[in-house]
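Heads up: the sequence lines are chains D and U, in that order.
The numbering of the first sequence is our numbering, which starts it at 1 and goes up by one.
The numbering of the second sequence is our numbering, which starts it at 501 and goes up by one.
Since the hints were made in silico from the structure, they are not lab data.
Everything numeric in this text was worked out from a predicted model, so none of it was measured.
Glycine included, C-beta positions come from ideal geometry on N, C-alpha and C.
Check before you lean on any hint, since a few could be wrong.
Said to hold, decoys possible - Below 27 Å or equal to it, Euclidean Cα-Cα: the simulated BS3-like pairs (lysine-lysine) are: (1) Lys714/U <-> Lys636/U; (2) Lys66/D <-> Lys557/U; (3) Lys932/U <-> Lys688/U; (4) Lys933/U <-> Lys889/U; (5) Lys136/D <-> Lys8/D; (6) Lys169/D <-> Lys91/D; (7) Lys211/D <-> Lys714/U; (8) Lys389/D <-> Lys325/D; (9) Lys692/U <-> Lys214/D; (10) Lys837/U <-> Lys946/U; (11) Lys962/U <-> Lys669/U; (12) Lys591/U <-> Lys636/U; (13) Lys91/D <-> Lys325/D; (14) Lys218/D <-> Lys337/D; (15) Lys932/U <-> Lys946/U; (16) Lys57/D <-> Lys837/U; (17) Lys446/D <-> Lys467/D; (18) Lys325/D <-> Lys825/U; (19) Lys57/D <-> Lys557/U; (20) Lys8/D <-> Lys557/U; (21) Lys211/D <-> Lys825/U; (22) Lys218/D <-> Lys432/D; (23) Lys566/U <-> Lys57/D; (24) Lys889/U <-> Lys688/U; (25) Lys325/D <-> Lys188/D; (26) Lys557/U <-> Lys718/U; (27) Lys932/U <-> Lys889/U; (28) Lys435/D <-> Lys218/D; (29) Lys933/U <-> Lys967/U; (30) Lys566/U <-> Lys974/U; (31) Lys211/D <-> Lys946/U; (32) Lys591/U <-> Lys325/D.
To be verified - Here are some of the chain U residues that sit facing chain D, going by a computed Cβ distance under 10 Å: (33) Ile528; (34) Glu554; (35) Phe740; (36) Gly911.
Unchecked claim - Partial selection, computed: residues in chain D whose CB lies under 10 Å from chain U: (37) Leu17; (38) Leu50; (39) Ala207; (40) Asp245.
Read off the chains here:
Number of protein chains: 2
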Amino acid sequence: MTDISALKERLYEIQSLQSAYDHALSLISYDGVTSAPAGTAQNRGHAVSLLSGEKYKLSTSEETVKALEELDQNRDQLSGREQRMVFLMLKEIRQMRKIPMDEYIAYEELLVQADDIWHTAKENSDFALFEPCLEKIFATNIRFASLIAPDKDPYDYWLGEFEDGLDMKTCDAFFATLRARLVPLIRKIGEKPQVDDACLKGDFSDADQEKLAKELMKIMGLDLDHVGLATTEHPFTTDFGSHLDERITTHYQRDDFSSSLFSVIHEGGHALYDTGSDESLCYTVLDGGVSMGIHESQSRFYENILGRSRAFSGFLAPVIRSCLKDRAAYSDEDFYKALNKVQPSLIRTEADEVTYCLHVMVRYELEKALMHGQITVHDLPGEWNRLYKEYLGVDVPDDRHGVLQDSHWSGGAIGYFPSYALGSAYGAQFLKKMKETVDVDACLAKGDFDPVNAWNREHIWKWGSEKPADRLLKDVLGEPFDPSVYLDYLAEKRSDVYGI
Amino acid sequence: MTDISALKERLYEIQSLQSAYDHALSLISYDGVTSAPAGTAQNRGHAVSLLSGEKYKLSTSEETVKALEELDQNRDQLSGREQRMVFLMLKEIRQMRKIPMDEYIAYEELLVQADDIWHTAKENSDFALFEPCLEKIFATNIRFASLIAPDKDPYDYWLGEFEDGLDMKTCDAFFATLRARLVPLIRKIGEKPQVDDACLKGDFSDADQEKLAKELMKIMGLDLDHVGLATTEHPFTTDFGSHLDERITTHYQRDDFSSSLFSVIHEGGHALYDTGSDESLCYTVLDGGVSMGIHESQSRFYENILGRSRAFSGFLAPVIRSCLKDRAAYSDEDFYKALNKVQPSLIRTEADEVTYCLHVMVRYELEKALMHGQITVHDLPGEWNRLYKEYLGVDVPDDRHGVLQDSHWSGGAIGYFPSYALGSAYGAQFLKKMKETVDVDACLAKGDFDPVNAWNREHIWKWGSEKPADRLLKDVLGEPFDPSVYLDYLAEKRSDVYGI
Chain D
1 MTDISALKER
11 LYEIQSLQSA
21 YDHALSLISY
31 DGVTSAPAGT
41 AQNRGHAVSL
51 LSGEKYKLST
61 SEETVKALEE
71 LDQNRDQLSG
81 REQRMVFLML
91 KEIRQMRKIP
101 MDEYIAYEEL
111 LVQADDIWHT
121 AKENSDFALF
131 EPCLEKIFAT
141 NIRFASLIAP
151 DKDPYDYWLG
161 EFEDGLDMKT
171 CDAFFATLRA
181 RLVPLIRKIG
191 EKPQVDDACL
201 KGDFSDADQE
211 KLAKELMKIM
221 GLDLDHVGLA
231 TTEHPFTTDF
241 GSHLDERITT
251 HYQRDDFSSS
261 LFSVIHEGGH
271 ALYDTGSDES
281 LCYTVLDGGV
291 SMGIHESQSR
301 FYENILGRSR
311 AFSGFLAPVI
321 RSCLKDRAAY
331 SDEDFYKALN
341 KVQPSLIRTE
351 ADEVTYCLHV
361 MVRYELEKAL
371 MHGQITVHDL
381 PGEWNRLYKE
391 YLGVDVPDDR
401 HGVLQDSHWS
411 GGAIGYFPSY
421 ALGSAYGAQF
431 LKKMKETVDV
441 DACLAKGDFD
451 PVNAWNREHI
461 WKWGSEKPAD
471 RLLKDVLGEP
481 FDPSVYLDYL
491 AEKRSDVYGI
Chain U
501 MTDISALKER
511 LYEIQSLQSA
521 YDHALSLISY
531 DGVTSAPAGT
541 AQNRGHAVSL
551 LSGEKYKLST
561 SEETVKALEE
571 LDQNRDQLSG
581 REQRMVFLML
591 KEIRQMRKIP
601 MDEYIAYEEL
611 LVQADDIWHT
621 AKENSDFALF
631 EPCLEKIFAT
641 NIRFASLIAP
651 DKDPYDYWLG
661 EFEDGLDMKT
671 CDAFFATLRA
681 RLVPLIRKIG
691 EKPQVDDACL
701 KGDFSDADQE
711 KLAKELMKIM
721 GLDLDHVGLA
731 TTEHPFTTDF
741 GSHLDERITT
751 HYQRDDFSSS
761 LFSVIHEGGH
771 ALYDTGSDES
781 LCYTVLDGGV
791 SMGIHESQSR
801 FYENILGRSR
811 AFSGFLAPVI
821 RSCLKDRAAY
831 SDEDFYKALN
841 KVQPSLIRTE
851 ADEVTYCLHV
861 MVRYELEKAL
871 MHGQITVHDL
881 PGEWNRLYKE
891 YLGVDVPDDR
901 HGVLQDSHWS
911 GGAIGYFPSY
921 ALGSAYGAQF
931 LKKMKETVDV
941 DACLAKGDFD
951 PVNAWNREHI
961 WKWGSEKPAD
971 RLLKDVLGEP
981 FDPSVYLDYL
991 AEKRSDVYGI
């Protein structure tokens, strides 16, 4: 007789211990990019390789696998939640076991070094410094894909890691749909008189921008007792062990406060999603967001759909004026228009809503070519610059403003970028649905995020990773995913801002 | 046949893994007191209890113990260093194994909560909030002492944990010696006209004080690639896994820059000691300082003997003027005198050199009484205030400025305080020795710490924990420890400042 209750207890114990290792590993990485002294990456690599090894051993041990398989065989005695835990854990373990432990550990250590080298390379616009590292990362990702899913195309494998079921076929179709309407829209906007965004420019101290950031966090409804703010080179969000300790990061640009403004709202969206997980999911694999597509749907929803809306900008303008110097001369309308200025540019994270997806497509095309050996890592800067010219019409002055701008590849996240575009499109369709029951504009005009947050919590956040992404999407929308809702949204906003 | 080389390899593996756990545990604790959101202590407690448990299991496993015991039996085949590693590891493991794992883990978790509660209690001057926690800590320390060393007095056991061989008998004699000369000296100073310290007071921004702190770190010769600076409620120094990543902390007091100034030099002294360990000691138990007495000898040496010297103050004054506002009107002599003002006061970390040891004695007397049940934790605030009146002649206005001021007890460090007095006295005797070969004053006048640091590195730092504290002390001094050297030093300085 199998003692199911003892096995269930073990199930929670294993997850709890995994979360403790995750706490340590995330914190070491976070420390590395927020406050560690410059020469300490090697020391972090030491701890990361050993602790990852311990986590690997725990996760892939015979004892763990046996317990999970027995639970799986008796899944009729498990709750739906527990079935999902066992499913996700077994899936991950089966993948992990296909990678030899020494390769697994070496990769984790490589990523610590890569992050460090990427920072220096970006600072000095020195791609050659980063190239050997990035080569190893692409080679390892291809190798791991071939070990884990030998029958699958390696890029399809990695796309599916960030959004369940996503593959090149879907991406190609999705991006073609976007391109068909975005390119003419951008052309039309280019023919109109350009918006003046002088209200975003000036000389803003870190202290003032931090005041604004904290204010925004409060307005968005983040619980500051459980969500921290730090600064870093490339903003991101992370949690430590559970959603009870979440950290967002930003980057203050002295001459333009909108960069940090939108980073804070974007990362705040991620943090709202994670911290919105049902309390009972803490220290389980179901805690926190289910996929990067859904995750970016939340971050980009807050950043753009709410953050750049006419209704919210009316509430935001006085907040900006109260936190930052010399903003009194600018009207609410000035801010609204400036926040919605469309102009092809160099930096993805600072791009406007309309051109944003073209930045994603550049990365998608490059990853696809790299994963299939059509180009090499050495070709990257040239190919990057060529595609920026082709897609966005801009000349890349140096690699700092080009191929070195994002931290994803140094973190091994190949296949992540399409989630940004996908999430943006999900978000527009969520808005349509939300508006059936929530007067979104009325809330935003008052800076009252509670009803919006309550809707997201009820439909998305509280589930953590309990529902698979496709099921969650279906449940939220009640209709198939349709990118044209997003394209309509983008066009409509532009008619308001540019009169087209 | 025992395979010694395989066992030796295992010896280094175990230490390496222990250091990875230490990295994680120290970082979680550091994060908690430097940047974590206010409501996250429970989440940290979760990770700390589990990771401490893993470290406990690793350290006390049959396999580890067997390997170490075999090495110990074949110690003639080990280097002196390896013998010392095995000795220290077996000593710690034998102690750990006497504490049941669940009690060990519960204590680690208690300390995470205690730190959090102490912060709130200090902020609100609310001892009652901290009392139940502190009761548990004292009770646990007494219990652990009785489990580990049943034949020893529990306070003697804990004193010896911070300085090998230290006990109440030694402390009583040492403090009596200090008291005999300090009390009349303080009385005499009280009869002289008081020094004016207006040059230390004003309104100093965090940014300016941080500039000064970074400047000081550079002057002291700290390697900023491996030593970081952060802010916290109660300044401390910690390392992460090895001396390759060291962090010091400070606390900016808006109206008096000398508080942070001396914190930085004090913690910088700790960091110099730790980071001065021979590179080959990394990821072993011999990495970093050997005892708290020797550690405080270094921190207090930099803070006082160097930091408050006439020679260095002449170099420091222009640095202060360049970093802080409105200091131009004050002369080098103003700064020298102000930095050496003697006045009985409330806060240990901000106390002058002469009255400092009386602060330590208050804590020593209270710990002694608590560990032997002569007073209870509930009596502490009253007893604290009574002793401050008796020893220092000051009235404690509230517990924030009294019994709640230090973080040591919330961290379980009972028996630590005497190290400060002992270290201060070691330092004075080190100076005497150092002056035989180094023109200390000439170096300080130029702000050139290299020769001083080189001496400390050669005699103290590079050894890490390789030499036991008593042997190190003997080797450095070449004569027995003699507190009268410290008392002479204190008296002499006062004749310069107060003309007595």
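How the hints compare with the structure:
1. Lys714/U <-> Lys636/U: violated, 39 Å
2. Lys66/D <-> Lys557/U: Distance ~22 Å between Lys66/D and Lys557/U Cα, so the pair holds.
3. Lys932/U <-> Lys688/U: Judged against 27 Å, a Cα distance of about 25 Å means the pair holds.
4. Lys933/U <-> Lys889/U: Judged against 27 Å, a Cα distance of about 37 Å means the pair is violated.
5. Lys136/D <-> Lys8/D: violated, 40 Å
6. Lys169/D <-> Lys91/D: Holds, at about 24 Å.
7. Lys211/D <-> Lys714/U: Status holds; Cα separation ~24 Å.
8. Lys389/D <-> Lys325/D: Outside the cut-off at roughly 37 Å; violated.
9. Lys692/U <-> Lys214/D: Violated. Lys692/U to Lys214/D sits at ~51 Å, over the 27 Å cutoff.
10. Lys837/U <-> Lys946/U: The hint holds at about 19 Å.
11. Lys962/U <-> Lys669/U: Not OK: Lys962/U and Lys669/U at ~31 Å, beyond 27 Å, violated.
12. Lys591/U <-> Lys636/U: Answer holds: Lys591/U to Lys636/U is near 25 Å, not above 27 Å.
13. Lys91/D <-> Lys325/D: violated, 53 Å
14. Lys218/D <-> Lys337/D: Given that 27 Å is the threshold and the Cα spacing comes to 24 Å, the pair holds.
15. Lys932/U <-> Lys946/U: holds, 20 Å
16. Lys57/D <-> Lys837/U: violated, 61 Å
17. Lys446/D <-> Lys467/D: violated, 33 Å
18. Lys325/D <-> Lys825/U: holds, 23 Å
19. Lys57/D <-> Lys557/U: holds, 15 Å
20. Lys8/D <-> Lys557/U: holds, 23 Å
21. Lys211/D <-> Lys825/U: holds, 24 Å
22. Lys218/D <-> Lys432/D: holds, 25 Å
23. Lys566/U <-> Lys57/D: holds, 22 Å
24. Lys889/U <-> Lys688/U: holds, 18 Å
25. Lys325/D <-> Lys188/D: Roughly 35 Å between the alpha carbons, so the hint for Lys325/D and Lys188/D is violated.
26. Lys557/U <-> Lys718/U: Roughly 41 Å separates the two Cα atoms, so the pair is violated.
27. Lys932/U <-> Lys889/U: violated, 34 Å
28. Lys435/D <-> Lys218/D: holds, 23 Å
29. Lys933/U <-> Lys967/U: holds, 19 Å
30. Lys566/U <-> Lys974/U: violated, 34 Å
31. Lys211/D <-> Lys946/U: violated, 41 Å
32. Lys591/U <-> Lys325/D: Violated, because 61 Å separates the two Cα atoms, which is more than 27 Å.
33. Ile528: Result: holds, 6 Å to nearest chain D Cβ.
34. Glu554: Interface hint status for Glu554/U: holds (7 Å vs cutoff 10 Å).
35. Phe740: Interface hint status for Phe740/U: holds (7 Å vs cutoff 10 Å).
36. Gly911: violated, 19 Å
37. Leu17: Check passed: Cβ of Leu17/D comes within 5 Å of chain U, closer than 10 Å.
38. Leu50: Where the cut-off is 10 Å and the nearest Cβ of chain U is about 4 Å from Leu50/D, the hint holds.
39. Ala207: Interface hint status for Ala207/D: holds (8 Å vs cutoff 10 Å).
40. Asp245: holds, 4 Å
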